[in-house]
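Undergrad: Take a look at the letters that make up each chain.
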Amino acid sequence: MIDYLWVLIVLPLLGAAALIVFGKRIGDPWSGRLASALVGTAFLIAAGFTVPLVTGNGHPETVELFSWIPVLGVEVSLLWDPLAALMTLIVTGVGFLIHVYAVGYMHGDERFGRFFGYMNLFIASMLTLVLASNFVVMFVGWELVGLSSYLLISFWFVRPAASAAGKKAFIVNRIGDWGFLVALLLIFAAFGTFEFAAVFAEAPTGLTTGMATAITLLLFLGAVGKSAQIPLYVWLPDAMEGPTPVSALIHAATMVTAGIYMIARTAVLFGLAPATLTVVATVGAATALFAATLAMGQRDIKRVLAYSTISQLGYMVMAVGVTAFTAGMFHLMTHAFFKALLFLGAGAVIHAVAGEQDMSRMGGLRKVMPITFWTMVVAWLAIAGVAPLSGFWSKDEILAAAFAHGGYFVFLWAIGVVAALLTAFYMTRLMILTFGGEERWPDGVEASEAPPILTVPLVILAVLSATAGIFNTPFRLGLEHFLEPSFEGVTQQLPPAGATVVALAALALVVALVGIFWGWARYSRRLPVEEGGFWGAAVEGYRVDDWYGRLVVAPGKAMATWAAEILDGRIIDGVVNGVGGGVKSFGNSLSGTQSGLVRWYGAVMAAGTLGLLLWLLLSGGLF
Amino acid sequence: MNNAALLPIAPEVILLAGALIVILLLVLLDRPYREGGIVAMAALAAAAVASVLQWQALGDGADNLYFSAQGVPVPRLPMVVMDHYSAFAGVVIFVVSMLGLAVAWRLVLTLGARSAEFLTLVLLAVAGLHMMTASANMIMLFIGLETASIALYVLAGFTRERANADEAAVKYFLLGSLASVVFVYGAALLFAATGSTAFYGAGSMREFLAENIVAEPAILLLAMGLVIVGMSFKVTAAPFHQWAPDVYQGAPSGIVGLMAAGVKIAGFAALGRILFSALPSQIDDWAPALAIIAGASMIIGTVLAAVQDDVKRILAYSGVAHAGYILMAFVAGNEGIGSMWFYVTTYALTVIGVFAVVAVVSGSRSGSSPLAEWSGLSSRAPVLAWVMLIMLLALAGIPFTTGFVAKVTVFTAATDAGYLWLMILALVTTIVGLYVYFRLAAVMFLEGPAGVEEVVVPPTTALVLAVAAVTTVLLGLLPWPLLDLAREALPL
Amino acid sequence: MTIGDWLTESANWAFLFLAIPTFVASVMVVSSRNVVRAVLYLVIALGGSAALFLMLGAEFVGWTVVLVYIGAVIILFLIGIMITRAPLTKSVDLSHPISAKAPAALLSVLLFGVVAWAVVESFGLETIPLPEEATRTGEIGLSIFTSWVIPFEVVSFVLLAALIGGIVLARKDEPAEVP
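For the record, the sequence lines run as chains G, W and Z.
Heads up: the first sequence runs through residues 1 to 623, numbered per my numbering.
Heads up: the second sequence runs through residues 1 to 492, numbered per my numbering.
Heads up: the third sequence runs through residues 1 to 179, numbered per my numbering.
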């Protein structure tokens, strides 16, 4: 049976091919139904494959498909183990719900079919990434999710902002991918293979700490790009220009967790590089706090959620940084549920108020949208960390693990707690501004509850957000046990035992309640003026983009231009026209080129020749 | 003299006969523009068939066929060599030229009476290009080079009513002559160092170097350096690349693909012929030099491609970077020949396709092709835009295209030869290069349409695009048949 | 071998007698501000090199230089100058500013230095014997039509390409419309 694992990838891939080519003909809503059905089928198959792993009868298996680059020993093969199974279920499960939601949400869009083609392409890419059994296939999936993400962000490309956001995401991610690629190179240099199994088996004996640090730092650079950590997080808030289901699926629930997944997958290598782990944990904690402060100041509902996602991803990165890989994966799962729910709920709200995304122009939606409101309440309490909802358990496990890691990491724990306080605060702010208070809708808007096709996925996700905690409570470490085969040979940081963990949990709960109360006190009665100072800076994202522009992009452009002038012998383009324009006769154009640049070209050629000859003679030892 | 003895020069004879027939047609028939094109196409096809026959003859055991006048002991002074290397080069050059000519078909028809001259020059250029790869003597190689070069100088300036076409031709001519001078000086110094201009046979360069340890190699090093510079110019390797953007931009779009692809194939093949056949013993001297040129080409090509605003200039600089990648295969010596062939072949097909799209978008007579003309191409001509996207992905080296396989093979070759730094550099420039191709794709797909005018794809160009796109993807997925052939295509 | 030894050879005096004017004339070709003068200096330079070929026993090459270059090419140049009515006096266009000349000169001198150094390094102390007698033109003709017959034939196609190229670039006619 497991030999047919590739069906999981092929199903959505076929859907993507069919819908990109024939999407227009299949039309609305059948292309959406087809896409949803394919993803749903993939989910059911994946669930079937998972059963033996849960019952303990199964074991990790590698499915070899074909040999791709025999010179390098690259096989196209897939790996089915608990870690892959967990990710597959999240991707297809949450993906299916979001597909269903999108059938309603995208209704009436003129490129409806194309949209679902891209969505299926994304699912196929993401499954390639998580099912890969070697680094090359993983990299292929990694690049493909980047591509489909880019296609989806700029789906409404007629909006300049959407097109620009797509480009930004693409370019920023290239930096991370560069790290990943060089890491692959080093891995191949060190092990002579790309296969996970061989690399991880040989790593503990065959890898020096220096090499392990180099490889893992570069891998982490890749994760920083994909999972939007400091300093490469800047693309994610802008990516909200995409349709809301895209934000939910890609930029909250699945793709951005690819970095976390990659670190968890290569846990063996990270375990050998303590220096990298410290960097990872620090970046994660810093991102968690930094993004939370930014989320506090946003007025656009989707941007609040975007920064919130960055902040939550910071928690996950912190978890893997303190070697609590299971805790990281656990939070990844619960976050997928409640963040997808939040985005879809936000989408329903935006739908109701005619595309308005500014929370100061919402308010009072509690009465007209009861289902959306109550599902959002579940997500709100989950992300804020109120027991016994899922977010409480997963976040608490991360913080407890950081605390137990001791020393410097206790400081990171403290940062995490502060970030948790802010999380509870900004989520409360979002809820009250959106659903509470008076109606501040734009003129002529008649808000009403979303149709069932939107609310049914919300309800399912709400149930999951509420209950997913039971998979891995301190009383019953189900997920821990389930994932064990994937983390064989990896030392994991477990939460402390006994009274400490109870005390930490109690503290976390108190912090969450304080945050909620703070938000309640500030926003429940009136809308405070939030301008200037901190609020102004936060809305502008602390002008980080601006600084990037000044410090990185502008000098880079200047250097390229300078290089173009020196090496090209002219200012980019246009000089052919300047030199040759209007000159007709041979003789004139000859003199035109003489006063132009041929002599400069000739000089560079001569200089190049001279340099090459000198170098040859020098390296020949003749001088 | 039996028929088999003529086989080594059969492609050249066919092409030159074709060139003469095209001229004669002009005298014999009234307005034989289309007929001339058909004759030229047929000549190229026949030459390709002849190359296939050469390959088969070699497989049947006909080995080491040289060609020279009767009465002279053959191995003493061979002029033309027929081996798997030249036969493979022949098939690739002729097929690519057929595609290139198909792209130029519309241009040919609009040239009227001048079409005969155009076709003759194309055939002469192609014959010269193949001669470069099949020569067994430095002098023969140089003559092939000049035949091709002179014909291409003129082709670059063929649409004379545009001033920048003149300028392109003149620049190409002046700098090309400079490169030829450098090359021929290198050949002369090689003669001075080894006492021969022959690649094979008794007393050839290879034998001399194998039998003698050159005590004072200064002159030999110098000779190698100059020959490499001369060839680097032809294949647009940095810092000898500067003519390429100006010439591509000035030359008629219909023919640039043939110029760019054909010269690269022949240039690399000729460089390989010299280095692998005549100077294999000096690999420790020339390989590092080529590695440096390769590195410089990748960096300069990629960085400068990123700042251009004209598609033809972007492609020219991208060609510089690709020349660098192809040179990576050379540093591996004989082991890299298969990689070199695979890269050159697939790159040539892609380049023909890309310039075919350029010719459609900007017109086959035009020179420049500013980015603005490309904006919103996906809504004006979706199929064209997608084909272009496939080509761009291949140029960028994205998996499932030939570009990826080609890059992997040359990267492997360089790494195996111990040039890890070169491979890392290549990886970095590849990633930076993604920006270059992405930028063009973004203009095509994300920006508003530049105009309402309909984009007309002539049927011949459509055929070329189909061939290029299909091979780019098919060989990207299943590269083995071509890779196996390429690995067999070794010089004597 | 010292300079003194070198000077005692009478052939070397003959060499100097030919080489120095050739060198000076070559410099004058590129530095003269008058086109016609530049061409006439070229005559001297070509004549000098023809004589050097003769000294080396390369009879055929020597006379070819005289016949083809001095005889035909120079006349072509002069006619070309006449037809295009280029100014026969000093021309400012031909001179570049010193800022362009100086690096060019430096580059040329360096390039020459490297090449010359390498040649001297390789052959400096060797005496390369000349052939016993001058290579006869007849022998060259024989080898051209035996060993070198293919390149010889192919050169005709280089000329064909050049010929057609010349026609293309010189002729002016309006292209036909698309049929």
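Just so you know, these hints were derived from the structure itself, not from any lab.
Note that the Cβ used here is the ideal one computed from N, Cα and C, for glycine as well.
You may find that some hints are simply not true.
Capping the alpha-carbon separation at 20 Å, the derived lysine to any residue pairs in SDA-like fashion look like this [claimed, not checked]: (1) K167/G with A462/W; (2) K167/G with V432/W; (3) K167/G with R439/W; (4) K101/Z with N34/Z; (5) K167/G with Y435/W; (6) K367/G with R525/G; (7) K167/G with L147/G.
Chain W stretches covered by chain Z per the calculated footprint, using a threshold of three residues with CB under 8 Å from any CB of chain Z [said to hold, decoys possible]: (8) 77-87; (9) 120-126; (10) 292-302; (11) 354-360.
Undergrad: Look at each hint and say if it fits the structure.
TA: Hint by hint, here is what the structure shows:
| no. | hint | result |
| --- | --- | --- |
| 1 | K167/G with A462/W | 30 Å, violated |
| 2 | K167/G with V432/W | 14 Å, holds |
| 3 | K167/G with R439/W | 9 Å, holds |
| 4 | K101/Z with N34/Z | 18 Å, holds |
| 5 | K167/G with Y435/W | 10 Å, holds |
| 6 | K367/G with R525/G | 17 Å, holds |
| 7 | K167/G with L147/G | 11 Å, holds |
| 8 | 77-87 | holds (count 3) |
| 9 | 120-126 | holds (count 4) |
| 10 | 292-302 | violated (count 0) |
| 11 | 354-360 | violated (count 0) |
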